[in-house]
Each structure stands twice: as structure tokens, then as C-alpha cells.
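Given only the sequences and the hints, what does the whole structure look like? Please build it.
Chains as they are written, first to last, in my numbering: chain A, 15 to 148; chain B, 15 to 148; chain C, 15 to 148; chain D, 15 to 148.
Just so you know, the hints here were simulated from the structure itself, not pulled from any lab data. Warning: the hint list may mix true and false statements.
No distinction is drawn between identical chains; accordingly, a pair holds when it is met within one copy or between any pair of copies.
Unchecked claim - Listed next, the in silico DMTMM-like pairs over lysine to aspartate or glutamate satisfying Cα-Cα at most 20 Å (straight line):
1. Lys98 to Glu45
2. Lys22 to Glu45
3. Lys22 to Glu87
4. Lys98 to Glu41
5. Lys59 to Glu109
There are 4 protein chains.
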Amino acid sequence: MMHINHIKVRGFHLDMYQHVNNARYLEFLEESRWAYFEHYPLMEKIHARNCALVLVNIDINYRRPAFNNELIEVRTKVSRIGNKSISFEQNIYLEGTETLIADAIATFCILDQETHTSVEISQDERTLLEEMAV
Amino acid sequence: MMHINHIKVRGFHLDMYQHVNNARYLEFLEESRWAYFEHYPLMEKIHARNCALVLVNIDINYRRPAFNNELIEVRTKVSRIGNKSISFEQNIYLEGTETLIADAIATFCILDQETHTSVEISQDERTLLEEMAV
Amino acid sequence: MMHINHIKVRGFHLDMYQHVNNARYLEFLEESRWAYFEHYPLMEKIHARNCALVLVNIDINYRRPAFNNELIEVRTKVSRIGNKSISFEQNIYLEGTETLIADAIATFCILDQETHTSVEISQDERTLLEEMAV
Amino acid sequence: MMHINHIKVRGFHLDMYQHVNNARYLEFLEESRWAYFEHYPLMEKIHARNCALVLVNIDINYRRPAFNNELIEVRTKVSRIGNKSISFEQNIYLEGTETLIADAIATFCILDQETHTSVEISQDERTLLEEMAV
Numbered sequence: 015m016m017h018i019n020h021i022k023v024r025g026f027h028l029d030m031y032q033h034v035n036n037a038r039y040l041e042f043l044e045e046s047r048w049a050y051f052e053h054y055p056l057m058e059k060i061h062a063r064n065c066a067l068v069l070v071n072i073d074i075n076y077r078r079p080a081f082n083n084e085l086i087e088v089r090t091k092v093s094r095i096g097n098k099s100i101s102f103e104q105n106i107y108l109e110g111t112e113t114l115i116a117d118a119i120a121t122f123c124i125l126d127q128e129t130h131t132s133v134e135i136s137q138d139e140r141t142l143l144e145e146m147a148v
Numbered sequence: 015m016m017h018i019n020h021i022k023v024r025g026f027h028l029d030m031y032q033h034v035n036n037a038r039y040l041e042f043l044e045e046s047r048w049a050y051f052e053h054y055p056l057m058e059k060i061h062a063r064n065c066a067l068v069l070v071n072i073d074i075n076y077r078r079p080a081f082n083n084e085l086i087e088v089r090t091k092v093s094r095i096g097n098k099s100i101s102f103e104q105n106i107y108l109e110g111t112e113t114l115i116a117d118a119i120a121t122f123c124i125l126d127q128e129t130h131t132s133v134e135i136s137q138d139e140r141t142l143l144e145e146m147a148v
Numbered sequence: 015m016m017h018i019n020h021i022k023v024r025g026f027h028l029d030m031y032q033h034v035n036n037a038r039y040l041e042f043l044e045e046s047r048w049a050y051f052e053h054y055p056l057m058e059k060i061h062a063r064n065c066a067l068v069l070v071n072i073d074i075n076y077r078r079p080a081f082n083n084e085l086i087e088v089r090t091k092v093s094r095i096g097n098k099s100i101s102f103e104q105n106i107y108l109e110g111t112e113t114l115i116a117d118a119i120a121t122f123c124i125l126d127q128e129t130h131t132s133v134e135i136s137q138d139e140r141t142l143l144e145e146m147a148v
Numbered sequence: 015m016m017h018i019n020h021i022k023v024r025g026f027h028l029d030m031y032q033h034v035n036n037a038r039y040l041e042f043l044e045e046s047r048w049a050y051f052e053h054y055p056l057m058e059k060i061h062a063r064n065c066a067l068v069l070v071n072i073d074i075n076y077r078r079p080a081f082n083n084e085l086i087e088v089r090t091k092v093s094r095i096g097n098k099s100i101s102f103e104q105n106i107y108l109e110g111t112e113t114l115i116a117d118a119i120a121t122f123c124i125l126d127q128e129t130h131t132s133v134e135i136s137q138d139e140r141t142l143l144e145e146m147a148v
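Put into C-alpha cells, the structure is as follows:
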């Protein structure tokens, strides 16, 4: 299901343009993924077989600047379950509106901690991810 | 032409995984673009016609973690000159090697500060960008 | 009165030592001051006479590392009302405990935006600050 | 001896006030301490006896805002060698001038990694620190 994380823009999130800096959005996205993961035992399943969830790509569109004191919300969900990779769609809206500030796809692979190679998603993980993607 | 910016990874760039955090790379990329822009009058030309260079997309692949004390280099160049958008290719290597840490495309549009709409690249800007892309 | 701001430590707050990085605490303090100021018209009073609240000193003791996923709380209050300066005491505790993680004093002066010199706290501001310090 | 670290202020260092944000200075100080430590075997000596250099206090005065594109320099030296603690004086100037932007004292103790208690500076470390303080 979709997870919503609320953030208030503060002065130190801004840069010379008085907008939230482009790098700071990636902290907002990471914060929101961690909050999302608290609702599902995904990391536990991955760690249980001595693997790690490793970020391999972020593709982010900056749509509208976010300004000081604005309330924003990050909507996160599983958007693609590949053979060896998982994508999360993370859209940032002005809170309570459909005004899109940024939309991103964050893609991860599952890395075997021993062989340091990416491995396939297990059936158990896939079942959970499909539930998360509804 | 290609611009190279050197950065030394420090303890505060890392995160819980002891790798440079994914968001921090976007600061490395921004730092490197500003250093690159110091060699060309691109911003001056854009500002002269009351426009701004606005980041619209970053697509970054994380290839290999960067660790504490590693020396890295960001290689930046113009990679695509569209009608209304410009892309910069920014590849981060372990200094002096071809070991790729991350590769990114940062895409900008030119925004008219008065109408707040994106405008076409001028011929003057295009000539400069073509020189930068060699 | 004392204001409490809750923060959850995330992976990107940490550094090479797996503790919250020393600089990140200053963002936690700033975030907490902004949240505190939302409850009182202090900034409004200062801005109304064309002044600004300017940070002049932070003195922070690091008492105990904060680790990934820990819940912490920042307790903020006015601690000293000088002639021309105001200090806020900001203590960071492990949430719901008296385990002190860091304690800080952040001192501000009031700067006249026209003359760029620090000015005395007005009687109106002092009355509010005394209420905030209770 | 005094160590000088050069930094160029970039757009992402700023905040809503168009000045370098107060937290960012602590990254500048940390960056400069690491660069300083590369010239002396202090960390090696401390690690060799299974201890760590642990930050216990930062006291920073913000004297003058730093603006976008300014070149600044951080001058770092050992300023006090106590029984169980070491202080570093770190002053940030506009590059090549005596215009002070911020001055800070960063104080560390030496922590035994096994007992997790602070220990006295060894004679060997003291000799080195005295050399660093000249």
C-alpha cells in the first residue's frame, strides 16, 4: 500500500535559490523509505538470508520548487518487482493537494553479502512485495 | 571540454553503511557543476536575458560504494543540447582510475524569469554549449 | 514554556563512527527552534520593527552518541534574556528518558536590518520572552 | 603549527538567509580537522593504544555571514592540552584576509575503547601535541 510521510520545509533545507536544494530531496526520499519499511518485514527477510538491499539508481524529476515553511508529503510505494531489482515510486506533493513537487523512482537490487553479487528476489520476498505494491 | 573536480571522502559523507550516502553525491555533482561553470560564461549569457538555468531531472546510477578517505574525481561535460533543455554527464571515478563509482545525467531547462515558462536555447548559448560539449 | 521536538535517527544522520554526526545535531537544534517559534509571536515582533534574530554562538556538549533508529527529543526553552542577546537552552534526550545525548546553548542577538547593528530587546519582546522562559 | 584549509562557498551551503547555514560550518570544521590530522600521526598514536579521539564540545561564534562564491579558509591548531582533553582552535577567515567569519574551539577527550572511559593523554601523545601547538 502507499505510505505517506510528512515533512515541513525549514530554512536549512533551502539553498541560494530559496528553494529546497536538489540533494536534500534525496534525504527526504530516504527518510520516507525508512518510515515505509517500518510497516513491512522486507528488510528482515532480506537480512535473514544474509543479503542487503542496495540502491542502484535514482531518477528524480523536479517539478515545482518547495519553499520555506511549506508542508510536503512523500508518497511511497513499490512500483516494479523485477527478477533481481525492486523499484519504489516516491512522489512528493504539497501536503493534502495534488500539486506535484518532485517524482522519483528509486531502484534497488538484492546483494548477497558473502559473494557480493546481486541475487534473485526470493518467492517469500516477492509475495510480500506484491502485497506492498497493491 | 571535460572538467574534473577532485573530492576527498570524509567521515561525515558516510552513512550507516560506511559508504558515501546517496544524497551526498548530489552535493558532489552540484559542487562540480559550479566549478565547471566557472570556466565558461554560460550562466552569464542565461542571466543576461533574464533567464535561469533550472534543474529538472537527475538520473544517477550508483555503481560502487565510495569509502572513507578515498579520493574521487567528478568528470563533467555537456552531453546533450536539446531545443529547450541541456544535459550534463557527470561521472564519478576513483581518482586517476577508470573505476566508476557513480554516473549521472543532470538535465536543466532555461526558464524565463518573467513568464516562468521554459524557453528555447538561444543561438549564442548553443554555440557556447557546443564548444563545451567537444 | 519548554517545547519538545521528536526526531527519529536515520541512517543518513550517521557518520563513519555509526553515530549521529556532530554537524547534524545543529540541524536538529535549528529544526526544533523553528518548531518552538511556531508557538510564540517572537519572530513577528522582531520583524515588525525591521530587525532579525541572528545566531551569534552555539556551545554544544556531546554527552552520549545517538545510534540508528533511536528516538530522541529536543527540549527547547528560553534560558537567558540579556540586554541585547537571548539564549535558548536545547537539551537532547533519548525519548521519554533522562538520558542526555547533547546539551546546547544557542545565543542570538537582535540585529537592526537598516543599520546592521545589534539593538536592545524591546519591552514588548522581553515580556514575551519572560513568558517563554517560565 | 597552524593548518589552513581552503573552501569555496557554494549555493547548497546557504540557507533561507542566503548565508552559509550554521550547521554547515561544523562540516567545514570537521573537514579541516581531518585535513590537519593528515600531517601528524596523532590518530595513529591514539588508535595504537586502542583509544579513540571523541568530540565532547564545540563552542562556535558566528561573526560575519559567508556568502555564495566567497573563498574562505579554516585555520586550525592545537590550542590547549589538558590532562584528559585536547582543544583545537579553528578560525574561519575570508581567504587571504583577517576578516573573521567564525571562530570555534573543538574539544576532544581520549576514550579507551575497552573500558569506555576517558583516559589521560600519554606522554608520547603530549609531545606530539606540543609540537602541533607551536
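Now the hints, each set against the structure:
1. Taking CA atoms no more than 20 Å apart as the test, Lys98 paired with Glu45 passes in neither setting, with 24 Å inside one copy and 33 Å between copies.
2. In this homomeric assembly, Lys22 and Glu45 come within 20 Å of each other (Cα to Cα) both inside a single copy, at 13 Å, and across copies, at 9 Å.
3. For the homomeric pair Lys22 and Glu87, the shortest alpha-carbon distances inside one copy (9 Å) and between copies (17 Å) are both at most 20 Å.
4. Within a single copy, Lys98 and Glu41 get their C-alpha atoms no closer than 25 Å, and across copies no closer than 29 Å, so neither meets the 20 Å cut-off.
5. Within a single copy, Lys59 and Glu109 get their C-alpha atoms no closer than 32 Å, and across copies no closer than 28 Å, so neither meets the 20 Å cut-off.
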